[in-house]
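The task is simple: from the sequences and hints, build the whole structure.
There are 2 protein chains.
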Amino acid sequence: MVAAKTDLFEKELQEQATFFKALAHPARLQIIKYLAETRICLTGDISDTFPLTRTTLNQHIRELKNVGLIVGHEKEGKTYCCLNLEKMNEMYSILSIFLSEVQLPENFCCECGEFKYTY
Amino acid sequence: MVAAKTDLFEKELQEQATFFKALAHPARLQIIKYLAETRICLTGDISDTFPLTRTTLNQHIRELKNVGLIVGHEKEGKTYCCLNLEKMNEMYSILSIFLSEVQLPENFCCECGEFKYTY
DNA sequence: ACCTTTGTTCGTGTTTTTACGAACAAGCAA
DNA sequence: TTGCTTGTTCGTAAAAACACGAACAAAGGT
Chain A
7 MVAAKTDLFE KELQEQATFF KALAHPARLQ IIKYLAETRI CLTGDISDTF
57 PLTRTTLNQH IRELKNVGLI VGHEKEGKTY CCLNLEKMNE MYSILSIFLS
107 EVQLPENFCC ECGEFKYTY
Chain B
7 MVAAKTDLFE KELQEQATFF KALAHPARLQ IIKYLAETRI CLTGDISDTF
57 PLTRTTLNQH IRELKNVGLI VGHEKEGKTY CCLNLEKMNE MYSILSIFLS
107 EVQLPENFCC ECGEFKYTY
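Chains A and B supply the protein sequences, listed in that same order. Position 113 of the first sequence, counting from 1, maps to 119 under the numbering used here, and the rest follow consecutively. Position 21 of the second sequence, counting from 1, maps to 27 under the numbering used here, and the rest follow consecutively.
There could be a bad hint or two in this list.
DSS-like mimics (lysine-lysine), calculated; alpha carbons at most 27 Å apart, straight line [to be verified]:
(1) A/Lys39 / A/Lys27
(2) A/Lys27 / B/Lys84
(3) A/Lys39 / B/Lys93
(4) A/Lys71 / B/Lys11
(5) B/Lys17 / A/Lys39
(6) A/Lys71 / B/Lys27
(7) A/Lys93 / A/Lys11
(8) B/Lys27 / A/Lys39
(9) A/Lys39 / A/Lys93
(10) B/Lys93 / B/Lys39
(11) A/Lys84 / A/Lys11
(12) B/Lys84 / B/Lys11
(13) B/Lys39 / A/Lys27
(14) B/Lys17 / B/Lys93
(15) A/Lys27 / B/Lys93
(16) A/Lys11 / B/Lys27
Some chain A residues near chain B, calculated using beta-carbon distances under 10 Å [unchecked claim]:
(17) Thr12
(18) Ile52
(19) Arg60
Interface residues of chain A toward chain B, partial, derived using beta-carbon atoms under 8 Å [as the list claims (entries may be wrong)]:
(20) Phe15
(21) Leu19
(22) Phe26
(23) Ala33
(24) Gln36
(25) Ile38
(26) Met94
(27) Leu105
Simulated from the structure, these hints should not be mistaken for laboratory data. No experiment lies behind these values; they were computed from the predicted model shown. C-beta atoms are modelled at their ideal positions from N, C-alpha and C, and glycine is treated no differently.
And the structure:
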């Protein structure tokens, strides 16, 4: 990479890509799923249920914090994590909109029937 | 990375992450958006509308082909690209399901009100 | 006092992603 | 023929992502 070209795209595309990127690893999906299911703040012991070390897990959590999907709470010396409702809703809207925008009609590509597939 | 740990996660999580990863770059989002809007097979001249070289663009297109979202057609010596309806629908389902699964109730996190935010 | 758990930071190493130029073959146009 | 566009492959290089061990501080338990 000679330079980070990501900045040169439309702001909307960048924002969408940022959220998609945050979800682009199974560990992060599992963390979010866990938090959404239990609705209980994350404690360190979940690292047992992951095939990763505490350090690596911490790295993924930090990434989710960076995009704002997870917030950390301090209580009695322990650090609890939970999902940020506002950010989760924001993400849901942004990604849903994109997925809807690129929806295709059922008869799409019928005009390509005459073409020969190369893949 | 000592080893690729991605394989150690649940198959469902891996599948979801694969699609999210495919959408994790603004260039790829723009390509998909363009194809969905025009519904016309992609010709080389779109590289003018991107802040990237033909080579890099080709790389992103190849990635989208690898996950099956884009298919290539041969016609009169030119290579046309278009979205794969079936795969797009599959992706829509898979990602929509995930986004729904992690939806939170409006009163979520109210029990955390007593906590002090650290981020 | 000692040990354990917890959360984090630092440093390191590997893999993957991103990006480009050079080069090439195929097709078309002058 | 020559020149141009098009699509691709190759090699290269830098950045980012991924993963871990070591080490540390703070808190809790025995």
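message = For each hint given before, does the structure comply? Return the numbers of the non-compliant ones in rising order.
response = Hint check: 2, 11, 12, 18, 19 fail, others pass.
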